[in-house]
Amino acid sequence: VQLQASGGGLVQAGGSLRLSCAASGSIIRINAMSWYRQAPGKQRDLVATIISGGSTNYADSVKGRFTISRDNAKNTVYLQMNSLKPEDTAVYYCNVREVVPGGRNYWGQGTQVTVSS
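Counting from 1, position 5 in the sequence shown corresponds to residue 5 in this note's numbering; the numbering is continuous, with no gaps.
Hints are computed from structural coordinates only; laboratory data are not their basis.
This structure is a prediction, so every number in the text was calculated from the model and none was measured.
Incorrect hints may appear among the rest.
Said to hold, decoys possible - Derived pair list, reagent style DSS-like, types lysine-lysine, alpha-carbon separation capped at 25 Å: (1) Lys85 / Lys42; (2) Lys42 / Lys63; (3) Lys63 / Lys85.
As the list claims (entries may be wrong) - Quick list of the computed label-pair ranges, beta carbon to beta carbon: (4) Thr67 / Asn105: 32 to 38 Å; (5) Gly103 / Gly9: 30 to 36 Å; (6) Gly14 / Val99: 31 to 37 Å; (7) Gly53 / Ser116: 34 to 40 Å.
Yeah, the Cβ is synthetic: ideal placement off N, Cα and C, and Gly gets one too.
Take these sequences, add in the hints, and give me the full structure.
Shown next as structure tokens:
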């Protein structure tokens, strides 16, 4: 299984970006798709998660600004980011975790998001 992330870039504060991550290969349908981010010198933090049933969870820092969604038919997860702030600058990584005993965990290659003030 490979995850291909896209959509990062440079945007001014207050702007928007939409990230996409497409999974190729066979993934168990009961899974959680997530976005993480890692700023320079900091740990990788969870931004948002959406499980196969549609339930979502967000980090407090992005609630009300970011929206995670998924297209199960395409094995793709999206992150709509609005009202971006300079502190959102980071490399964003997508993750797919199979939520079954012995389930596998996959990471994308990361996409850079830079928000200028």
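Now for the hints, and whether the structure bears them out:
no.: 1; hint: Lys85 / Lys42; verdict: holds, 17 Å
no.: 2; hint: Lys42 / Lys63; verdict: holds, 20 Å
no.: 3; hint: Lys63 / Lys85; verdict: holds, 13 Å
no.: 4; hint: Thr67 / Asn105: 32 to 38 Å; verdict: violated, 24 Å
no.: 5; hint: Gly103 / Gly9: 30 to 36 Å; verdict: holds, 32 Å
no.: 6; hint: Gly14 / Val99: 31 to 37 Å; verdict: holds, 36 Å
no.: 7; hint: Gly53 / Ser116: 34 to 40 Å; verdict: holds, 37 Å
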